[in-house]
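With chain A fixed as given, assemble chains B and C with the ligands onto it according to the hints.
Taken in sequence, the protein lines are chains A, B and C.
To get the numbering used here, take the position in the first sequence, counting from 1, and add 1.
To get the numbering used here, take the position in the second sequence, counting from 1, and add 57.
To get the numbering used here, take the position in the third sequence, counting from 1, and add 763.
There may be inaccurate statements among the hints.
Residues from chain C that keep clear of chain B, each with C-beta distances beyond 12 Å, as calculated [as the list claims (entries may be wrong)]:
1. R766
2. S768
3. N771
4. A773
5. D813
6. R836
7. G872
8. T873
9. D876
10. M878
11. S919
12. G921
Heads up, incomplete: computed chain C residues facing chain A, CB under 8 Å, no partners named [stated by the list, open to error]:
13. E805
14. T818
15. P819
16. A820
17. E821
18. F823
19. G824
20. S827
21. F828
Bear in mind the hints are in silico, worked out from the structure with no lab data behind them.
Nothing here was measured: the structure is a model prediction, and the numbers come from that model.
The beta carbon of each residue, even a glycine, is placed where N, CA and C say it ideally should be.
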Amino acid sequence: MSDTDTEATVPAPVPKTTVSITVDGKPHEANPGQLVIDACEDAGVFVPRFCHHPRMAPVGMCRQCLVEVQGPRGPMMVVSCMTVVSADQAVLTDTPTVKKAQEGVLEFLLANHPLDCPVCDKGGECPLQDQAFSHGPGESRYVEAKRNYEKPIPISDLVFLDRERCILCDRCTRFAKEVAGDPLIHFTSRGNDTQVQTFPGDPFSSYFSGNTVQICPVGALTAKPYRFKARPWDLDQTRSTCTTCAVGCQTVVQSSRDELLRYQGHDDDDVNWGWLCDKGRFGFESPNSDQRLTDPLVVAHGSLSTTTWNAALDAATKLIKKAIADGGPTKLAVIGGARLANEDATAWARLAKRVIGTPHVDAQLGDGLPVELLGLPRASITEACSASTLVLLGPDLKEELPVLYLRIRDAAEKRTIRLIEISPTQTGLSKYAYTSIRSAPGEQAGAVRQLLIDEAEQLAKGQVVVVAGRSNLAESPTFTMDALATLQAGVTGLKVLPALRRGNIVGAIQAGLTPGDGGRDTAGILRDAAAGHIGCLVLLGADPLSDFPDYELARQGLAGAGSIIAIDTFLTSSSAMATVVLPAAGYGERAGSTTNIEGRVLPLTQKVNPKGVSRPDWMIARDLSDRLGGDLGIESLDDAHDLYMALVAALAPSSMPLSNSSSLPPTRGGYDLRLVVGHNLYDEGVALRTSPSLSELSRGAHARLHPIDAGRLGAINGTRVRITARSGRTLTIPVFADDAVPQGLVAVAANQRDQISDLIDIHAVTNDVKVDLA
Amino acid sequence: MSMSQYLVPGLVPTGPKIVTSRFEQADGYTYDGYVRSGGYVALRKAVSSMTPEQVHGEVKTSAMQGRGGAGFPAGTKWGFLPPTVFPRYLVINGDESEPGTYKDRMLMELDPHQLIEGIVIACFAFNANHAFLYVRGEMAFAQERLAQAVNDAYANGLVGKHVCGTDFSCDITLTWGAGAYIVGEETALIESLEGNRGMPRLKPPFFPASKGLYMQPTIVNNVETLSNLPWIINQGGQAFHDEGAPTSTGMRMFAVSGHLNTPGVFEVPNGTTTFRMLIEAPEYCGGVRHGRKVKAFIPGGASAMWFYEEHLDLPLDKPTVDKAGSMLGSGAIVVMDETTDMVKACWRIVRFFARESCGKCTPCREGTTWLERILKRIIDGHGRQDDLDLLLDVSDNISPGLAWPPRQTTICPLGPSAVSPIASAVMRFRPEFEHYIQHGRPIDGVEWHGASLHV
Amino acid sequence: MARLSDGNVAIAREIIGRFPRPKSALIPLLHLAQEQDGYVAEDAMAHIADLVDVTPAEVFGTASFYEMFKFERVGRYCINVCTNISCQLMGGWELLEHAEHKLGVHAGGTTADGMFTLEDVECIAACTEAPALQINYRYRYKVSGADFDTIIDDLSHGRLDHEIPPHGTLARLRQRTTDRWTDIAVQAQKKVDSR
Ligand SMILES: Cc1cc2nc3c(=O)[nH]c(=O)nc-3n(C[C@H](O)[C@H](O)[C@H](O)COP(=O)(O)O)c2cc1C
Ligand code: SF4
Ligand code: FES
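Next comes chain A alone, as it looks inside the complex (with noise of 0.2 Å):
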């Protein structure tokens, strides 16, 4: 490798940017190394096609895109997805040759396709259809018998198969191994018997199976959530963004007579490259759930009934008023709003901060990082695939932020990055990294620190990006935040992606839902809930008793707050308690935007009316602004999205360095295990609850142990364990040795059937636990 700094000192001549080319003898200028398919699309001729995705790489094997190219023994036939554009190519689209051939090609897919157009979920939308319709050769000349497989098998719990209707393009095999990284579908038999089949047992369990479903380009993959749901004719779509976590997948909404009905990824460049996670794709049923509420409910009689918007939100005017009345603003909390638009963010954040006045709010519910996190210099997904080097500072993506995990893999595994990761247990990256550190609860710095010498040249090369977030809900943040500033001062020029989970957190914080002076965050709120200091407790879309990393700290805020005003879609556990209930719009039901992890403003778009007579939870905060006499600023959706931004707009990168509290994890007692708790995919939040495709896919919890640690104990795979807290709880649930799991740790997953939050002590800075079988 040449030296760097030994740079040319001759300018180089400006090279020409693009190729020149003619399509059917029209001149086009293409991009150098575009694929012919591509280029002539975008000089208007669109080339038929059936494997070609422009997100995968090409494999040229349906043949429909054939196209001649003059050559210099005349014209040749060649397929226009896998052939690069050239200086002065001639590409001949409509040759009778070419015609021939793609008309060819056309019959020899129908000749085995069952012609069952009317009772299939792609007729409306197949592109097979449509070719037939404009490219056919009309009635066909097949009059053998046709292929003949079990019609519809499940390949998974949300994807079936109709092997009849597959034409063997190969984009769902290649989206599994190629872009999800989880060749579960493969290809097997050959030629004329070929046939996409799992292993027996071993289900295409990826937590990106929907994908498949939208890219096949008949109707082989269906989607059991969507199944029968609708012919596309009856859609009506519009375009939004997925709020299930905070990467920001851009997406097509569609519904029917005032439903939801599917999502679909949009291809966006900066985002999710037109791919979505499971969770986002079906969750599409929760909004739809007849468990939503659909009426403000207040107590009466000791139990919560249906009531008026007038009465309820009475109500909670004068719970609002009887708590400042008893002890000033400061008594008013409010826990929540990562599941709100960046308009009812800012809403909120006016009425608690500025109406009511009291700093106790804060949307982060314990599993977050302070709000630093946000000041820092920030990379955006892009810059962070692109990197030299990225680092891993957080949670397992795959699990927390799942289209993230699909980009970051991406380049891991075509090189394009070193990706080095510091994590408690092994994570879906793990594979792909460079290199892969294992670093107990509170080491994280120290880890930073031996990087940072190890690694010196590596991270001198280029720009470096950390993707920060909590690894472990069951260790002080603080942990992080040393080994971010650690990282911080050691490179130049850190770039920060921030790996926080909750959709709109992002917004939620730059709205200003955060701890204001000398306010409490989520875990000081509770705590003085617990200790009777809190008079009125606002759940904005927040269900502590499930959320909250620390069970006992919940249950004892919420039963010592004076009274808890819910702002809900569905009523919790937490929401239960309330006094008063407010329904809010769901997901599809109300405008406005979001902010991602990159502090990217997205579009939310309403698609349907919102349920009952639930409303937009701005509006429910510029309602009681008015009851408490007070001046919100936000009269409409438009002015609330106008505050917004000017907030995003004042925002600037701090040049601070992070503070370094330099601090130690406590040594580990001889026969304790530290406790690393993160989240799956599937586990017990209410949109999954309330999605029944999904609610069966969480596992359940469950503790992971290295096979030494299980060994030592006796179990074997599924045996029960009891896990002690310090606090003398137990929780008891099955064990399973895991070499992802380092000696001396148990990994459990937050929020499953079983709560380790009932384990968890949020202010110790570790949480220690004894394991012995049950």
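Okay, now just chains B and C with the ligands, sitting in the frame of chain A:
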């Protein structure tokens, strides 16, 4: 029935024996027997007294064409390796499965050390340190002989660390296929070596010499091609060039099968011997059985267009045969006499390609099966009036224009190969097909069953 | 049925070591599994997947491409009769028909006693010796009906055991990695592969 594991091919009356010289030596396959008859002299000479460039130069001078089917000159192919990219590999194609072809197996069974010597010479010539010898899965006996030979060659310092005590080192990995004709195609072979389904890659961009095994530069050569190298190094490239015709140099093995008195495998002067000599000369096949006439013959394996009586006097010379509209392919000549049911012969070859299509390209996967079914229907007596036009048109959609050399709507030539027998038989023997369609049986004088049991 | 035995795992590791990338050993390992059990069992495929670090679906995807791999029990002897063009011309179909009568199964079938599986196969590279067949991939040339009956009789009485091992075993001799193995190219490729 012949119970022997191998048989001795016909004697070669003219020209030297190059690759078959040890076929009659009972222990020619053993290390001792091989060394006793001059084995490994060429390798020693190459690695200790020649430069890689000189070795490559001799092969270029020899103008030896590849024996795997495409007939591309080996020396020229090696020259395509990008000079600075390492590691690079040699892959030896021992997948011999083109119907009618029978020579590589013989070379592997009867003279495995000759092949190994050729492999190491080739690796030395283009600086490869690792060769993969891929033997067809169904050839258990050849595998045993090669395993023994490779182990012996390692033990005697001819492969592995410091070949013949020099600085040059080179490993050979032996590996078997598992039953798939398409894996003989070089890019499919590479896929198979990578542990994948043997589905060909598109060339360009995946020319093995630049992006082959593990996307590294790779030379794929046939067993017979490499078996010639020891002789070329011993006698010089010019001596090889002096044998045969200038346009098809050296000696070459041909398997001649079908309706013949004494079918066999022969190493004959390349480019000068004619089809008629091979078929009729008593030292070769001794003529068509029962004194009958040739109705058609396949000059170069099932993929080739058929030849007829008028082609008998053509020499076995690549450009000549190419120009006449077919190919010498893999050196497989199949002779059909007057009693042959051409519809059935055509169907059987098409069935082969339909069964062996890898399934990657739509036209090949769907088209070859379709063609096979139409032909089977005709044979079964359910032919339709427009079946012949349909056959030709479906063929045209696989191989536009039914031209030679074929144009293809597919990735590799397998699909278009299925068209060769149809284009040949339907054009030449159309009345036989029409008779089948009208009467549900073959014309008089052909044997419905192809042949009665031999003996 | 079975995962690879410990002895076979050791052989498998030696085979894997002769390739720059583990997945390249897939086909040899499938042969090994077939040698062990007479066919390729699901458990064996899952085990191989572990050994070469791919998914079982990928192993099955590759395995099912190749005709020689059987996923269910077959006869102790697989008798493959060639019916391709050279053999067809010399009576391959008649031989196959004879075999079907003799064994009482159609091509593709296995005799009730589990001794013989009969197959109608493509060219086995014995064209000049037509009609030809293979028994567990060992050749017999110019086979007449009577020859065929003799073969069956010999096999049934174990008279060919010295020459023909049970289905699954190809070469009875393996390549061995000795200390003369250089590993240069294997290591060089691993360097290229590592980032
Ligand atoms: C369908 C198909 C099958 C082939 N089968 C074989 C084969 O069995 N053996 C072989 O040596 N070459 C075969 N070839 C040719 C190889 O692709 C390749 O050209 C050859 O191995 C190169 O070796 P050579 O240059 O020494 O001839 C086949 C080609 C095609 C298209
Ligand atoms: S032409 Fe046939 S065998 Fe060749 S790649 Fe295409 S499908 Fe496979
Ligand atoms: S789109 Fe080009 S071959 Fe399928």
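So, going through the hints one by one against the coordinates:
1. R766: holds (19 Å)
2. S768: For S768(C), whose nearest Cβ neighbour in chain B is about 20 Å away, the distance exceeds 12 Å, so it holds.
3. N771: N771(C) clear of chain B: closest Cβ-Cβ about 16 Å, beyond 12 Å.
4. A773: Per Cβ check, A773(C) is outside 12 Å of chain B; nearest 17 Å; holds.
5. D813: D813(C) clear of chain B: closest Cβ-Cβ about 14 Å, beyond 12 Å.
6. R836: Correct as stated: the minimum Cβ-Cβ distance to chain B is 18 Å, above 12 Å.
7. G872: holds (18 Å)
8. T873: Per Cβ check, T873(C) is outside 12 Å of chain B; nearest 18 Å; holds.
9. D876: At about 24 Å from chain B, D876(C) clears the 12 Å cut-off, so the statement holds.
10. M878: holds (19 Å)
11. S919: holds (17 Å)
12. G921: holds (17 Å)
13. E805: With a closest approach of 6 Å, the E805(C) hint holds.
14. T818: With a closest approach of 5 Å, the T818(C) hint holds.
15. P819: holds (4 Å)
16. A820: holds (4 Å)
17. E821: Because about 5 Å separates E821(C) from the closest Cβ in chain A, which is inside the 8 Å limit, the hint holds.
18. F823: Holds, about 5 Å.
19. G824: holds (3 Å)
20. S827: holds (4 Å)
21. F828: holds (5 Å)
The structure fails none of the hints (numbered hints given earlier).
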